[in-house]
Every structure is written in structure tokens, then in C-alpha cells.
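Protein chains in written order, with this note's numbering: chain Z, 1 to 168; chain W, 1 to 104.
By construction, these hints were calculated from the structure, which means they are not laboratory data. Just so it is clear, the structure is predicted and the values come from calculations on it, not from any experiment. A virtual CB, placed ideally from N, CA and C, is assigned to each residue, including glycine. Please note: incorrect hints may appear among the correct ones.
[Claimed, not checked] Partial selection, computed: residues in chain W whose CB lies under 10 Å from chain Z:
1. Ile18
2. His63
3. Val96
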Amino acid sequence: MDSTGVEIAFWVLAVMTIGSALAVVVVRNMIHAVVALISTFAGVAGLYVTLSADFIAITQILIYIGAISILFLFAIVLTPQSGRTNQESFMRFPALALCALVSSLLIYVALDADWTSRGAAGFPETASVIGQLLLDKYALPFEIASALLLVAVVGSIVLVSPESAEED
Amino acid sequence: MAIHLEHYLIVGAILFGIGLYLALAKRNFIGVLMGIEMMFNACNLTFIAFSRFVQSNDPLAGHVFVVFTITVSAAEAAVALALAVMVYRTRDTIDVDQIDLLKW
Chain Z
1 MDSTGVEIAF
11 WVLAVMTIGS
21 ALAVVVVRNM
31 IHAVVALIST
41 FAGVAGLYVT
51 LSADFIAITQ
61 ILIYIGAISI
71 LFLFAIVLTP
81 QSGRTNQESF
91 MRFPALALCA
101 LVSSLLIYVA
111 LDADWTSRGA
121 AGFPETASVI
131 GQLLLDKYAL
141 PFEIASALLL
151 VAVVGSIVLV
161 SPESAEED
Chain W
1 MAIHLEHYLI
11 VGAILFGIGL
21 YLALAKRNFI
31 GVLMGIEMMF
41 NACNLTFIAF
51 SRFVQSNDPL
61 AGHVFVVFTI
71 TVSAAEAAVA
81 LALAVMVYRT
91 RDTIDVDQID
101 LLKW
């Protein structure tokens, strides 16, 4: 974390992330909101790179930008009329107050607590170590995650299949 | 001024707040889901930042946890967007103020 290049990258990526997250709130067209959301995900992926988490950064780009954003786009174009507006409900001011409270509380805790620093440089390699941890120490959660993905895939196919629409 | 853990935590906190606002205040169900994904991202960023900066016996456990979080959020997005399409088919709206069939 010494070089000025990393500092410049952090500030640019932080402004990009927060700015496009605000754009998701402000923009009225849902398609534009998805584009801003993709920009947010890309900013977070860049922040992972500055944290020397290369594997997670690539995963973020593949899963969030590649898969989840496309899912959002499909959901928007499959819900034609109501998919175009991005209005707030009547709860906007209580929600705004609550979110400001939560954010400022989190920032206060982050600044107040005394974190024991590792002080070392970035990780020499992440992908191979993550792979070994997944198949060794975290093998059971890994299998549970595969079962969860199977259930999610089958569930979403059943939900949107034409047969289930005809039953109603 | 070097970049420390607190910088990442502050970015994560602001991102979490914006996501929470989207999830609470948006009328469009898909907008609510966007907020939830944004909160997932904020938490993942915080995990990775702690994994990078804080002393621990198992330094890459945070990365492994983020892999699982991304898996769960992908499954959640698939099911929830299928639900959104399904609700739109049956009720012709995904305005969360009007989906009040179970309201007592």
C-alpha cells in the first residue's frame, strides 16, 4: 500500500463505486439503473484488485457483471410496463434517515475500533490456496453450496416454466 | 497519505447504506433486488479488506467466505428474479406497494 499508483487507483475506484451506486438510486429508467449497477460492480472488482485479491476480482467480474446483471436485464425486459419506472415509495424519508444512521454508525465503529494490523505485503498467491482450502478445510460448506445452487436452479426453472403459469 | 483498512471500511459502509436505501425505499421489486446485491457487495468488500489488513491465523479464510457469499447471492438473484417474473405474470405489477395479497 505504498505506491502512489495504488492510492490513485483506490480514490478513482471509490468515487466510481459510490457515484454509480448513487446513480442507481437517482436514475429513472431501470435499464440505465442496471448499467449504473454494472459500473458499481466493476468498481468493487477494481477495489478487490487493489487489495491483492485477484481471484475474487475475476469471480466478481464473471458472476456479478457477467451473470447477475444479465439476469436483471432479463427480468426488466420480461416485466414490460412496471419494469420501466424506478420510483421511491412513501417510505423514502424514514428509509433515508435509517440508512444515514446505519452508514454513520458503521463509519464511526470503523474509525473508532483498534484493528490489529497485519502489516505485511499482499498475498503471494490466492487462487491455489483458495482451491486447497475449499477442498480440504471447507469441503462440507463447498458441498452444501453445490446443493444450494442445484436447488436454486431447479426452483427458478419451475417458477418461470410455462406449465406453472397454466395452472393458475 | 497511504490507504488503510478504514478507507475500505468507509467505502463499504457507504455502499451498504445506499443498498439499504434501495432495498427499503424502491417501489420496483427489481430495484429492491439491486439494493440487496449492492449490500452483498459491500459486505464482500469488507471481508476482503479485513482479510488483507488484519492479523489472523488463516489469512485467506475471508476470500473463501466471499466465494460462498457470491454463490449464495447468485442463487438468491436467480430465485428472486424468477419470483419477480412470476408475480408480474399473475398480478400484472411488480410494485411492492401493490403486492399486498398477504396483508392482514
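Structure-based check of all given hints:
no., hint, verdict
1, Ile18, "holds, 4 Å"
2, His63, "holds, 5 Å"
3, Val96, "holds, 7 Å"
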